[in-house]
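Protein chains: 2
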Amino acid sequence: MTGPRFTDLAASLPASVPFVGPEAQERARGRPFRARVGANESVFGPSPRAAAAMAAAAADAWMYGDPENHDLRHALAEAEGVAPENVVVGEGIDGLLGYTVRLTVAPGDAVVTSDGAYPTFNYHVAGYGGVLHKVPYRDDREDIDALLAKAAEVDAKLLYLSNPDNPMGTWHDPAAIEAMLARLPQGTLLVLDEAYAQFLPEGAQPRIAVDDPRAIRFRTFSKAYGMAGARVGYGLGAAPLITAFNKVRNHFGMSRISQAGALAALEDGAFLAETIARVAAARERIAGIAGDNGLSALPSATNFVAVDCGADGDFARAVLAGLLAQGVFVRMPFVAPQDRCIRISAGTQADLDLLAAALPRALAEARAEK
Amino acid sequence: MTGPRFTDLAASLPASVPFVGPEAQERARGRPFRARVGANESVFGPSPRAAAAMAAAAADAWMYGDPENHDLRHALAEAEGVAPENVVVGEGIDGLLGYTVRLTVAPGDAVVTSDGAYPTFNYHVAGYGGVLHKVPYRDDREDIDALLAKAAEVDAKLLYLSNPDNPMGTWHDPAAIEAMLARLPQGTLLVLDEAYAQFLPEGAQPRIAVDDPRAIRFRTFSKAYGMAGARVGYGLGAAPLITAFNKVRNHFGMSRISQAGALAALEDGAFLAETIARVAAARERIAGIAGDNGLSALPSATNFVAVDCGADGDFARAVLAGLLAQGVFVRMPFVAPQDRCIRISAGTQADLDLLAAALPRALAEARAEK
Numbered sequence: 598m599t600g601p602r603f604t605d606l607a608a609s610l611p612a613s614v615p616f617v618g619p620e621a622q623e624r625a626r627g628r629p630f631r632a633r634v635g636a637n638e639s640v641f642g643p644s645p646r647a648a649a650a651m652a653a654a655a656a657d658a659w660m661y662g663d664p665e666n667h668d669l670r671h672a673l674a675e676a677e678g679v680a681p682e683n684v685v686v687g688e689g690i691d692g693l694l695g696y697t698v699r700l701t702v703a704p705g706d707a708v709v710t711s712d713g714a715y716p717t718f719n720y721h722v723a724g725y726g727g728v729l730h731k732v733p734y735r736d737d738r739e740d741i742d743a744l745l746a747k748a749a750e751v752d753a754k755l756l757y758l759s760n761p762d763n764p765m766g767t768w769h770d771p772a773a774i775e776a777m778l779a780r781l782p783q784g785t786l787l788v789l790d791e792a793y794a795q796f797l798p799e800g801a802q803p804r805i806a807v808d809d810p811r812a813i814r815f816r817t818f819s820k821a822y823g824m825a826g827a828r829v830g831y832g833l834g835a836a837p838l839i840t841a842f843n844k845v846r847n848h849f850g851m852s853r854i855s856q857a858g859a860l861a862a863l864e865d866g867a868f869l870a871e872t873i874a875r876v877a878a879a880r881e882r883i884a885g886i887a888g889d890n891g892l893s894a895l896p897s898a899t900n901f902v903a904v905d906c907g908a909d910g911d912f913a914r915a916v917l918a919g920l921l922a923q924g925v926f927v928r929m930p931f932v933a934p935q936d937r938c939i940r941i942s943a944g945t946q947a948d949l950d951l952l953a954a955a956l957p958r959a960l961a962e963a964r965a966e967k
Numbered sequence: 598m599t600g601p602r603f604t605d606l607a608a609s610l611p612a613s614v615p616f617v618g619p620e621a622q623e624r625a626r627g628r629p630f631r632a633r634v635g636a637n638e639s640v641f642g643p644s645p646r647a648a649a650a651m652a653a654a655a656a657d658a659w660m661y662g663d664p665e666n667h668d669l670r671h672a673l674a675e676a677e678g679v680a681p682e683n684v685v686v687g688e689g690i691d692g693l694l695g696y697t698v699r700l701t702v703a704p705g706d707a708v709v710t711s712d713g714a715y716p717t718f719n720y721h722v723a724g725y726g727g728v729l730h731k732v733p734y735r736d737d738r739e740d741i742d743a744l745l746a747k748a749a750e751v752d753a754k755l756l757y758l759s760n761p762d763n764p765m766g767t768w769h770d771p772a773a774i775e776a777m778l779a780r781l782p783q784g785t786l787l788v789l790d791e792a793y794a795q796f797l798p799e800g801a802q803p804r805i806a807v808d809d810p811r812a813i814r815f816r817t818f819s820k821a822y823g824m825a826g827a828r829v830g831y832g833l834g835a836a837p838l839i840t841a842f843n844k845v846r847n848h849f850g851m852s853r854i855s856q857a858g859a860l861a862a863l864e865d866g867a868f869l870a871e872t873i874a875r876v877a878a879a880r881e882r883i884a885g886i887a888g889d890n891g892l893s894a895l896p897s898a899t900n901f902v903a904v905d906c907g908a909d910g911d912f913a914r915a916v917l918a919g920l921l922a923q924g925v926f927v928r929m930p931f932v933a934p935q936d937r938c939i940r941i942s943a944g945t946q947a948d949l950d951l952l953a954a955a956l957p958r959a960l961a962e963a964r965a966e967k
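Which chain is which? The protein sequence lines are A and B, in order. Under my numbering, the first residue of the first sequence is numbered 598, with each subsequent residue one higher. Under my numbering, the first residue of the second sequence is numbered 598, with each subsequent residue one higher.
Extracted from the complex, chain A is given alone in its bound form:
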């Protein structure tokens, strides 16, 4: 008896996992974390109106969701000031990145990103046989000039940029993003991951015409809207590209409950503003805790803060391990020199009290190990 014949590409892929979830870590340690501030989730939760809409939709879950995501796409179009034809809804930005790669990347095609940027994008590129070309960060920011130069050099199909950046929290001036678009090589699509866009300072949103065929922008309900578990992301772009998603997407992939929740979340602007304010306060508190321990916090336009542990990656990994051991779930950048930092998501007061209590010991133990 023989098993299935995998494609050459599938056979060559590792059974890789872009991220180990906190639940797996909890199972391994045998007890739950006391603070969950590692995955850039929003501890401030979904809007109560969104939660109520999802709870109400639960009994109606016998019906498939609308495969066209009509109501949500139209509401998003109105909110973003674009046409519904410029909006595609999918199973989180992760799902939409996968579709984007599938539409554009054939085996051997070149793709450019930063070394240490979003691993799930890399997972998709590898998964479709694309060849990743990475350029280093520069001063803890993605290096636009280097990305553009590499894209031109390798004739990239896609160029990935997250703005604000994950995992560092840094961002580029709108003018820099707008200038980048103008300098993009012919035939390279800018994949602009704006998962954290709502946290940008006033006036820091780049102005990109939605029907500009050179870019697609991704947004999500997972961060500022506090709905990571609902899996709702969306893309904004020129109609021909947006329509192309209908060639490959899982048309019935969206949860009906999530559709209802996202619609309600979109209507609760007051809650969104409140979350953004709470996140800003939490960022300040994290920076304060860092400072109290002699560490520095990087500026952030996201719902997390990269804290520079002041030494190398091994030291930061030891600090991270010390926090995890004390029940504080955090993550950190994978690549040097960014891996001198740990990345702490905005938490509740209670979460950050735990962080404040745990960090000194984690640092002391890490220093003792050296």
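Be aware that a few hints might be false.
A pair holds if it fits inside one copy or across any two, identical chains being indistinguishable in the list.
Said to hold, decoys possible - Below, a list of computed lysine to any residue pairs in the SDA-like style, where the Cα atoms sit at most 20 Å apart:
id	residue 1	residue 2
1	731	746
2	747	676
3	747	602
4	731	931
5	967	614
Simulated from the structure, these hints should not be mistaken for lab results.
With chain A fixed as given, assemble chain B onto it according to the hints.
Relative to chain A, chain B alone:
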């Protein structure tokens, strides 16, 4: 300014939609349907315990779901009497079919199915450049001998069979499925879609060893469990194949709310049994309504009934249009001669009262058109 460069494959694909949703039809007609019995959803809803679990999980939707689906996979493994390594959970059977095709089908590879079987499977095969070879139904059932012969002839990577069958509701004896497996060509994977398995008569479940590398079976919470809108399907198969899904799946694709709902649904065996009994009663009522109108109902081991309208596809399409016009959402097979039938999902008493009231007029108008 140029747009993205699509792959040759993506450029060649139509922006096809496997199914138009009832919501789109409602938008086109300008008013809602009065009975929703066209998509084989379960009008009897999710288990109240599942609905309560989903409602309770709504406020926790700020957390990503466990990307390993650990608890649900373990509960399914226990319920199915297999190991967790034999279970993959995904965004509905649709999502899992897509991953299966992606793992095995390279452009030009042969895939075998029945003409008129599940179009979403065909959508995925076309989407990865596979070449579909279709054999006709025989006596309103998928033709196992013809499928096997075609698979051998074209050296198929995949052979799709739904048992019980959608859209006809028919099924094969377990011995026939088991014998099919033994006769499968080397290197052909049997994709056994068991979305409706819970509705099979006692003793009609084929016995297939879960670690048999020649088959993968798909089940879902969308039908008997009444949770189509939650998007939870699962596959059962040999561990090497199941593990391979980790190479390509959207690891964070599952809604946390849906994970909680599926777990609770699995624990409510009494509700499942009740739904199966209600569906059986509804099938009898649909057959009775058909009989009252001089039509015959096909035997069904699903939550729907194919009703033979007694003439050709054009006539059945006219009947269908008459029902839709009266607010009764139903669908029908796409391909002759099965398209002499319309397909009616199990409904509530009120749904079937509407069907009983609407069918005579739909038939009369269709006859007048001839």
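Evaluated hints:
no.	hint	in the structure
1	731 to 746	within (11 Å within a copy, 49 Å between copies)
2	747 to 676	neither (35 Å within a copy, 52 Å between copies)
3	747 to 602	between (36 Å within a copy, 18 Å between copies)
4	731 to 931	within (14 Å within a copy, 48 Å between copies)
5	967 to 614	neither (30 Å within a copy, 59 Å between copies)
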